[in-house]
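Each protein sequence line maps, in turn, to chains A and B.
Per this note's numbering, the very first residue in the first sequence carries number 1082; after that it's consecutive.
Per this note's numbering, the very first residue in the second sequence carries number 27; after that it's consecutive.
These are calculated hints, taken from the structure and not from any lab test.
Be aware that one or more of the hints could be misleading.
What the hints assert, rightly or not - 20 Å max Cα-Cα, derived SDA-like pairs, lysine to any residue:
| hint | chain 1 | residue 1 | chain 2 | residue 2 |
| --- | --- | --- | --- | --- |
| 1 | B | K443 | A | L1142 |
| 2 | A | K1169 | A | N1109 |
| 3 | B | K127 | A | E1139 |
| 4 | A | K1174 | B | D401 |
| 5 | B | K288 | B | R278 |
| 6 | A | K1169 | B | R124 |
| 7 | A | K1169 | B | T183 |
| 8 | B | K203 | B | D40 |
| 9 | B | K127 | A | R1137 |
| 10 | A | K1174 | B | G199 |
| 11 | B | K439 | A | S1129 |
| 12 | A | K1174 | B | V53 |
| 13 | A | K1169 | B | E180 |
| 14 | B | K443 | A | R1138 |
| 15 | A | K1169 | B | V53 |
| 16 | A | K1174 | B | Y196 |
| 17 | B | K495 | B | L314 |
| 18 | B | K127 | A | Y1140 |
| 19 | B | K203 | A | G1254 |
| 20 | B | K443 | A | H1121 |
| 21 | B | K439 | A | A1134 |
| 22 | B | K439 | B | E485 |
| 23 | A | K1310 | A | T1292 |
Computed from a prediction, not measured in an experiment: that's the story for all the values here.
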Amino acid sequence: MKRYVLIRLLSLIPLWLGISMLAFLLSNLAPGDPATVIAHRLSDAPPSEEQIATIRREYHLDDALPVRYARWLGSAARGDLGISYRTKEPVLKELATHFPATLQIACAALVIALAIALPLGVFAAVRRGSWIDHAARAGALLGASLPSYWLAYLLILLFALALGWLPVAGRDGPGALILPALTLGLGTAATLARLTRSSLLEVLGEDFVRTARSKGLSETAVLCRHSLKPALLPVLTVTGIAFGHLLGGAVIVEAIYAWPGVGNLLINSIYDRDYPMIQGFVLFMGTVFTLISAAVDLSYAWIDPRIRYAKKRPIGR
Amino acid sequence: MFACATDRQAGSEDELIIGVRADDYVVEPLKSKLGMYPLNAQICEPLVRITGEYGIEPLLATRWERHGNTWRFFLRPNVVFSDGQPLTSEAVEYTFARLVKGDRAGIYQHTYLGEYSVSVVDDLTVDLTPERPNQHLLEQLGHANYSIIAPGTEPATLPVGTGPFKLVEYRRGEWLKTERNEHYWGERPGLRMTFRFLPDDTTRVLALQAGEAGMILDVPREQASTLRTQAGMSVIEAPVGRVAAIFLNIHREAPHDLLANKNLRRAIASSIDRRTLIEKVWDGNGELIATIGPRAMLGDYAGLVQGFIIDKERAAHLLAQEGWLPGTDGVRVRNGRRLTLTMIAWPEFDTATLEFIQAQLATSGIELRIVRSPDLASYQARIEAGEFDLDLEAPNQNDANPMFLPALRFYSKSSSKTVRYFAPGSSFDAIIEAGLATDQRDETMRLSAEAQRVLVDEEAIVIPLAGLKRISAMRLGLHGFSPHPSLLNQRWDTISTQR
Chain A
1082 MKRYVLIRLL SLIPLWLGIS MLAFLLSNLA PGDPATVIAH RLSDAPPSEE QIATIRREYH
1142 LDDALPVRYA RWLGSAARGD LGISYRTKEP VLKELATHFP ATLQIACAAL VIALAIALPL
1202 GVFAAVRRGS WIDHAARAGA LLGASLPSYW LAYLLILLFA LALGWLPVAG RDGPGALILP
1262 ALTLGLGTAA TLARLTRSSL LEVLGEDFVR TARSKGLSET AVLCRHSLKP ALLPVLTVTG
1322 IAFGHLLGGA VIVEAIYAWP GVGNLLINSI YDRDYPMIQG FVLFMGTVFT LISAAVDLSY
1382 AWIDPRIRYA KKRPIGR
Chain B
27 MFACATDRQA GSEDELIIGV RADDYVVEPL KSKLGMYPLN AQICEPLVRI TGEYGIEPLL
87 ATRWERHGNT WRFFLRPNVV FSDGQPLTSE AVEYTFARLV KGDRAGIYQH TYLGEYSVSV
147 VDDLTVDLTP ERPNQHLLEQ LGHANYSIIA PGTEPATLPV GTGPFKLVEY RRGEWLKTER
207 NEHYWGERPG LRMTFRFLPD DTTRVLALQA GEAGMILDVP REQASTLRTQ AGMSVIEAPV
267 GRVAAIFLNI HREAPHDLLA NKNLRRAIAS SIDRRTLIEK VWDGNGELIA TIGPRAMLGD
327 YAGLVQGFII DKERAAHLLA QEGWLPGTDG VRVRNGRRLT LTMIAWPEFD TATLEFIQAQ
387 LATSGIELRI VRSPDLASYQ ARIEAGEFDL DLEAPNQNDA NPMFLPALRF YSKSSSKTVR
447 YFAPGSSFDA IIEAGLATDQ RDETMRLSAE AQRVLVDEEA IVIPLAGLKR ISAMRLGLHG
507 FSPHPSLLNQ RWDTISTQR
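Work out the full structure: start from the sequences and follow the hints.
Here it is in structure tokens:
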């Protein structure tokens, strides 16, 4: 197990390097010059070439791309992601300020998704072919198909305007969390519900389940004691990945609900070509995502010992 | 709070929540524009104010005199900052010293104010001497960027001004809350303002409808008509503060060299039905206009600029005259070259607007390739690289200088990076130079109108499409809101719940 953990953690290093390079290249190769954007933000009149050149020098934007990458990577390795062009605050500090808000909706969305998906998936599998199964599958398909921005407006119209129960936007009070979390969570719920159903159906057809039934166990006992745990293993993996997606994919939802998370921060940074912030965001979210994946893999290996890396044996022995 | 329409929100009755676009304040020591630009919350005030007709009226300076290139300002007596400090010449000196110090990039060079430009005469008298002759300093000083701040304060931490409001709390990207300034020298405002940043247009409208905001700014055109029909809502259009116009690239470098031909430019101008654009595409939210900026900037001289009317026959004639003949697919051809042009546009213009222009030009046999920019940065990259034939913009007029736009965008000696694509040449420059040299406002207006006549009627370098009106919406029960054509100069202190 220790060896597996070590190998899994070491495999993150090249992944991080890849993410860092991708983050750097993507932000730097996008059309648009941060110096021009900065100059425009400081004055409402178009800036001159001299003004832009001054800003370029100030931010070392004239240095060659590999030099800038090496400098940034070196700092990042020491935990310094640079200073935001837009806010002049350290990138890490900005991420630390905004990440809790994103974490909050991602966690709430995951809770909502699991609360809907697990009972729905189990029920649909157990009552396979019934109207409940059909309704659950149709609901899951609908949930997976609805674009989040459309769903967001629909939920606002219903819960904020028609019923007046929840606020339209902002982060004031616990009520403000519900709509963004619901918007994010419903799509994930649809995916997880379909997976739970198919996984449980597969397990219910296994020999050991047949054996359990032949021993005279009740359907509830067969389901709860023998079938659910193995059926939920793939769900656990996908839940981990989905959580990563919820963290990184809250951009549109945050913009609609004016939720002050990293998604909103990223949008503004992209508009302003705030390279340090974009790079920092991608690296940070990439790290979070890979750590979640690693944690899920490790927990998977802990739950199912067959998954651990076996010691290689010489051929022929 | 006034914004409260449902029982779920609590608050005092004297607060107005205004839903505004994304937070774009620069909050950086020495450069901070918090509470001033691009959203002026009236926390700080400049020396003069720009009226709704783009005139100048006293604000912190009650009067001024000019001696050569030196402007002497007489400050309003008995004015105190919100922290209790009195307004003296020292504050003016402190403000401009900070601006110049924080301006390594030379942003303030438009005013030519430098390190030694401010001279204190006495407690309430101060001289401003630009480093180069500047006849239009007064008109520039009405811009919120030149708001006077209390000595020893830093707006990045807390903007301290003399305005009717003082800052209570700023949470980046969420809100800017103000309180009435109890030291204010003028009439105290009826309400305290909270500006909520709601970047999504639809969310802003929904927030108004749900009662979470008492007023919203920048209502999308397509939603204004819906709001107009709703009970309890009032939709207000500001006078024209900017003009949507197509700027034509007249430089001669291939592949964007075709519009160096004046007849081709005129043919384009004669091909676009602006009235239909306003009425059908923009739901009537626009105004036919011939000038490139608000007509109010030109006074009685605005009539000097005739503008264009749709005339497809004239367009066809002009194109045929230049040898552009209809090809097999309807697109005109000359010597084997198709009449294909590229248009870029500010991201704020929707697809319907761009496709309307495309369709209009198609009827004259001009193929238009639209290159959409997802944000301003990518648009800037394209325009600075000259990768366009037509450029759709809607530039702002935020100060009171009538020469501002013609000089900035078309004068060959302008500091603007894109001027090389639009500058008509020396005779036009002479008009601009005369306009910049005169200190007579009437003459400046006349010369600005003359410059615009050259740009629009004579050279067809700019095709004004329509005057744009900022649309605001509010719940009934608010009074005293007088929309300013320039959002930057909007007053909030006049709004109250009393008639």
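Worksheet item: So which of those numbered hints doesn't the model satisfy?
Response: 4
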